[in-house]
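I would like the entire structure built from these sequences, with the hints used as guidance.
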Amino acid sequence: MRRPEAMLVMSDETFRTQFGRDELDRLARLAVLGDPLHVTDLDTDQARKRLAHVEVLLTSWGAPALTPERLAAAPGLRAVLHCAGSVRGLVTDAVWERGLLVTNAVDENALPVAEFTFAAIILAGKRVPFLSAYARDRRDDWSIATEHGELSNYGRTVGIVGFSRTGRRVVERLAALETREVLVADPYADPVVVAAAGARLVPLDELLAASDICSLHVPALPETSGMIGGRELALLPDGATLINTARGVVVDTEALERECVSGRLYAMLDVTEPEPLPASSVLYDLPNVMITPHVAGSLGSETRRMTGAALDELELYARGAAPRAAVTRADLRTAA
Numbered sequence: 001m002r003r004p005e006a007m008l009v010m011s012d013e014t015f016r017t018q019f020g021r022d023e024l025d026r027l028a029r030l031a032v033l034g035d036p037l038h039v040t041d042l043d044t045d046q047a048r049k050r051l052a053h054v055e056v057l058l059t060s061w062g063a064p065a066l067t068p069e070r071l072a073a074a075p076g077l078r079a080v081l082h083c084a085g086s087v088r089g090l091v092t093d094a095v096w097e098r099g100l101l102v103t104n105a106v107d108e109n110a111l112p113v114a115e116f117t118f119a120a121i122i123l124a125g126k127r128v129p130f131l132s133a134y135a136r137d138r139r140d141d142w143s144i145a146t147e148h149g150e151l152s153n154y155g156r157t158v159g160i161v162g163f164s165r166t167g168r169r170v171v172e173r174l175a176a177l178e179t180r181e182v183l184v185a186d187p188y189a190d191p192v193v194v195a196a197a198g199a200r201l202v203p204l205d206e207l208l209a210a211s212d213i214c215s216l217h218v219p220a221l222p223e224t225s226g227m228i229g230g231r232e233l234a235l236l237p238d239g240a241t242l243i244n245t246a247r248g249v250v251v252d253t254e255a256l257e258r259e260c261v262s263g264r265l266y267a268m269l270d271v272t273e274p275e276p277l278p279a280s281s282v283l284y285d286l287p288n289v290m291i292t293p294h295v296a297g298s299l300g301s302e303t304r305r306m307t308g309a310a311l312d313e314l315e316l317y318a319r320g321a322a323p324r325a326a327v328t329r330a331d332l333r334t335a336a
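Note that the sequence shown covers residues 1 to 336 in the working numbering.
Heads up, a few of these hints could be off.
Keeping only pairs whose Cα atoms sit at most 25 Å apart, straight-line, the calculated SDA-like set for lysine to any residue is [said to hold, decoys possible]:
| # | residue 1 | residue 2 |
| --- | --- | --- |
| 1 | Lys126 | Leu286 |
| 2 | Lys49 | Glu69 |
| 3 | Lys49 | Ala72 |
| 4 | Lys49 | Glu5 |
| 5 | Lys126 | Phe15 |
| 6 | Lys126 | Ala210 |
| 7 | Lys126 | Ala72 |
| 8 | Lys49 | Asp25 |
| 9 | Lys126 | Glu206 |
| 10 | Lys126 | Asp107 |
| 11 | Lys126 | Gly149 |
| 12 | Lys126 | Val261 |
| 13 | Lys126 | Glu97 |
| 14 | Lys126 | Thr146 |
| 15 | Lys126 | Ser152 |
| 16 | Lys126 | His294 |
| 17 | Lys49 | Ala318 |
| 18 | Lys49 | Asp107 |
| 19 | Lys126 | Arg136 |
Since the hints were derived computationally from the structure, they do not count as laboratory data.
Quick caveat: nothing in here was measured; it's all calculated off a predicted structure.
Next comes the structure, spelled out in structure tokens:
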């Protein structure tokens, strides 16, 4: 196995989080490493000297876009192995025109999001976040539990919008619950594959009208911006919970505010539009809304799983083997 010359490009914080001693030792076994090993900026003299000899870039959060000018400084570059999820903000047309190999760790990043979502669905069934908010204000009156309807995870209909890597994993985890039915809406999904995972593929309107809990798992694309607007929210049954761990732009924030202010819907939002919401947003103070600061995806030690996937790709590349998670320009038309 040959050892290509490699350099890491990411923020300092990301580097410290994603590369511990074990990861650095493995990297040293797989690649030739120069000085500096890690850069945050590709336009410095030091970075440009390294780029002149680098064959592989390992990138992550905080890496600058690979513009034509930066790629011109790296004549020997052959692969960009991303130690995080989407490469949408990293790659440019020049990357595809050069024919560079690009991989990402979207599969690994989907795992904690699916875990978070599965937990959120269970908590939504019992109205836990909302009852907790009420309990803080009415500490001596636990009769509040009866004010939120049935508190149960038995016989619920759960809707999954987007049969993405995360959406599929959520569907598979829902087999642990005794749901009435799990529905999936996704124009690109195969109904046979959806059925094998444990759900039924239906049009979006049918899913919304039937869902006690609706969870969003679609990428931020022009066609998905605002796809859950006033009309779609109105289709959800009274008392339904909307969970968003995808992207804030998928939901019309003003329309959601109206529904939540009325008390008709509940919401659990890990992402918002804008992000964060302005301090004046009514959503912060509503007892039927839970907001978390974009924590569903890989954080802390979870990010090492993505580092491991990128190093797996580096080993495959060094051996001349096919990559496991290659990304193409066409992929970015329908995926994150």
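What's the verdict on lysine 126 and phenylalanine 15, does the C-alpha distance respect the 25 Å limit or exceed it? violated, 39 Å
Can the restraint linking lysine 126 and threonine 146 be considered satisfied, given a maximum Cα separation of 25 Å? Holds, at roughly 11 Å.
Is lysine 126 within 25 Å of alanine 210, Cα to Cα? Within the cut-off at roughly 18 Å; holds.
Below or equal to 25 Å on CA atoms is what counts here, so check lysine 126 against glutamate 97. The hint is violated at about 52 Å.
Under the criterion that the straight-line Cα-Cα distance not exceed 25 Å, is the pair lysine 49, aspartate 25 satisfied? holds, 24 Å
So if I understand the rule, the pair passes when the alpha-carbon distance is 25 Å or less; does lysine 126 with leucine 286 pass? Holds, because 18 Å separates the two Cα atoms, which is no more than 25 Å.
Verify the proposed pairing of lysine 126 with histidine 294, using a straight-line Cα cut of 25 Å. holds, 22 Å
Below or equal to 25 Å on CA atoms is what counts here, so check lysine 126 against serine 152. Holds, because 5 Å separates the two Cα atoms, which is no more than 25 Å.
Lysine 49 paired with aspartate 107 [C-alpha distance capped at 25 Å]: violated, 33 Å
Under the criterion that the straight-line Cα-Cα distance not exceed 25 Å, is the pair lysine 126, glycine 149 satisfied? holds, 10 Å
Hey, lysine 49 versus alanine 318, does the alpha-carbon distance stay inside 25 Å? holds, 23 Å
Could you grab the alpha-carbon distance between lysine 126 and aspartate 107 and see if it respects the 25 Å cut-off? Outside the cut-off at roughly 29 Å; violated.
Hint compliance for this structure: hints 5, 7, 10, 13, 18 are not met, and every other hint is.
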